[in-house]
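K.L.:
Sequence:
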Amino acid sequence: MPTDVRKTPLFDAHVAAGGRMVDFSGWHLPVQYSGLIDEHRAVRNAVGMFDVSHMGEARVRGPQALEFLQWVTCNDVARLRDGRAHYTGLMTEDGTFVDDLLIYRLAATEYLLVLNAANTQKDVAHLRAYLSDFDCEVIDESADWCQIAVQGPASQQVCEAACGIELAALRYYRFLNHDIQDASCIISRTGYTGEDGFEIYAPAALATSIWDGCLAAGHEHGIQPAGLGARDTLRLEAAMALYGHEIDDTTTPYQANLGWIVKPAKGEFLGSRRLADEKRRLDAGQPLERRLVGLEMSGRAIARQGYPVLDAAGERTIGIVTSGSPAPALGSNIALAHVTDDGLSTGHDVKIGVRKRVESATIVETPFYKRER
338 MPTDVRKTPL FDAHVAAGGR MVDFSGWHLP VQYSGLIDEH RAVRNAVGMF
388 DVSHMGEARV RGPQALEFLQ WVTCNDVARL RDGRAHYTGL MTEDGTFVDD
438 LLIYRLAATE YLLVLNAANT QKDVAHLRAY LSDFDCEVID ESADWCQIAV
488 QGPASQQVCE AACGIELAAL RYYRFLNHDI QDASCIISRT GYTGEDGFEI
538 YAPAALATSI WDGCLAAGHE HGIQPAGLGA RDTLRLEAAM ALYGHEIDDT
588 TTPYQANLGW IVKPAKGEFL GSRRLADEKR RLDAGQPLER RLVGLEMSGR
638 AIARQGYPVL DAAGERTIGI VTSGSPAPAL GSNIALAHVT DDGLSTGHDV
688 KIGVRKRVES ATIVETPFYK RER
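For the numbering used here, count along the sequence shown from 1 and bump the result up by 337.
It should be emphasised that the hints constitute simulated quantities derived from the structure, not laboratory data.
All C-beta atoms, glycine included, are put in the ideal place defined by N, C-alpha and C.
Don't take every hint at face value.
So the derived label-pair ranges between C-beta atoms look like this [unchecked claim]:
(1) A505 with E404: 27 to 37 Å
(2) K693 with A506: 50 to 60 Å
(3) R618 with E430: 36 to 46 Å
(4) E404 with G643: 21 to 31 Å
Just need the whole structure built from these sequences, with the hints factored in.
P.N.:
This is the structure:
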C-alpha cells in the first residue's frame, strides 16, 4: 500500500483480526474480515461493528453558530435541541451538494458536524469561506476523534454492556454525552445500515479499548467486525445515498429523493432559490431533469456504477447507474440510478447496459429493505 495512506487508531486491531486492508479515500481500512455476506447478515440478524474513524469531525461554535449553519445547510438547524442530531446537506450556491453530513447540537452555540472522509478538507474550507459574516468559528477536530459504529438488532445490548449506560430511552437521531474511562464521549442512535444501531464518538486514544470492549460484550450475541464491503451493501439495501455516487456537486436534494431535508420555511440559505424553483415544479407535477430510482435486476447480472440505463426497448439512454450490488437480505441484485424524469414510475421495465450485453431491470420502490420495528 502507498506509504502516505493514513491509519485509523484501530489499524493494528484490524490487521491482527485478519481484516483485508484497502486504500479508501486515503485511509487504510478493512474491506472485509470473514467475508462480506457473513458480515452483512450479522448486522441484519444480530450485530456487527465498523471502524468509521476516517470520518471527519468539525466543531462550529460561537454566538452565531446557529445562524451560520442555517445559511450553509438546507435542513432547519433551529429545530434541533440539545442532544439531538439531524441529516442534512452542505450546499453550494447552486443548490447542489458540497457534502452530506450529520449535525449534532451540543449546546445553543455549539455543534458537531460529521463529514465524509474524502470531503473533510473541502468541507472545512467551504465552511470557512462563509465565516466572515458570522460571529463563530469552525474547528477541524478530525484527528482527535475515533468513531465506532455498532449496528444490528442486538446493538443496544452490546453498547449498554460495553459502555456502562442505559440506552433504551434513547430515540433515533438522539445522543447522550457519556464518560468512558473518564473521557467525554458521545453515543448516538444513528447509523448507515438500515438497522437499529449506535455510533460511539470518543477520543482517539480510547479506540482500541472501546473496540475490544464491544467485541467482548457482543460475543454472546454473535458480533462480527465488518468492513467497507458490508457497509456498502447494507446502506444500498436501505437506499442511503453515498457521496460520489447518488449525490455530488451536480446533484440537488430533490433530484436524489432527499427533498425531505430541504426546509424552505426557515428562510434563505445557500442554493435556496434553485431549490425553491425545483419544489414549485414538483408541486405542479412537472418533471425535474433527473431523479433517483431503485432498480431490481431480472437476472443474475449486477448493475455497477456508470452503467447506462436504457428505455424498455433498449434503444435510448435515459440514465446512469449510481450504485449496484447483490442484496444479501433480499436474494436479488439491486441498484440505484439517476434517470430522466419522463414519466417512468414503479413497475416500469428498463434495460441496463452491462458490458457488451443488455440486461432487464424493473423500477421498484425504495428503500429495498426496511427493518421490522
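K.L.:
All hints are to be evaluated individually against the structure, with a verdict given for each.
P.N.:
We went through each hint and held it up to the structure:
1. A505 with E404: 27 to 37 Å: holds (36 Å)
2. K693 with A506: 50 to 60 Å: holds (56 Å)
3. R618 with E430: 36 to 46 Å: violated (20 Å)
4. E404 with G643: 21 to 31 Å: violated (40 Å)
Taken one by one, the earlier hints fail for this structure at numbers 3 and 4, listed in ascending order.
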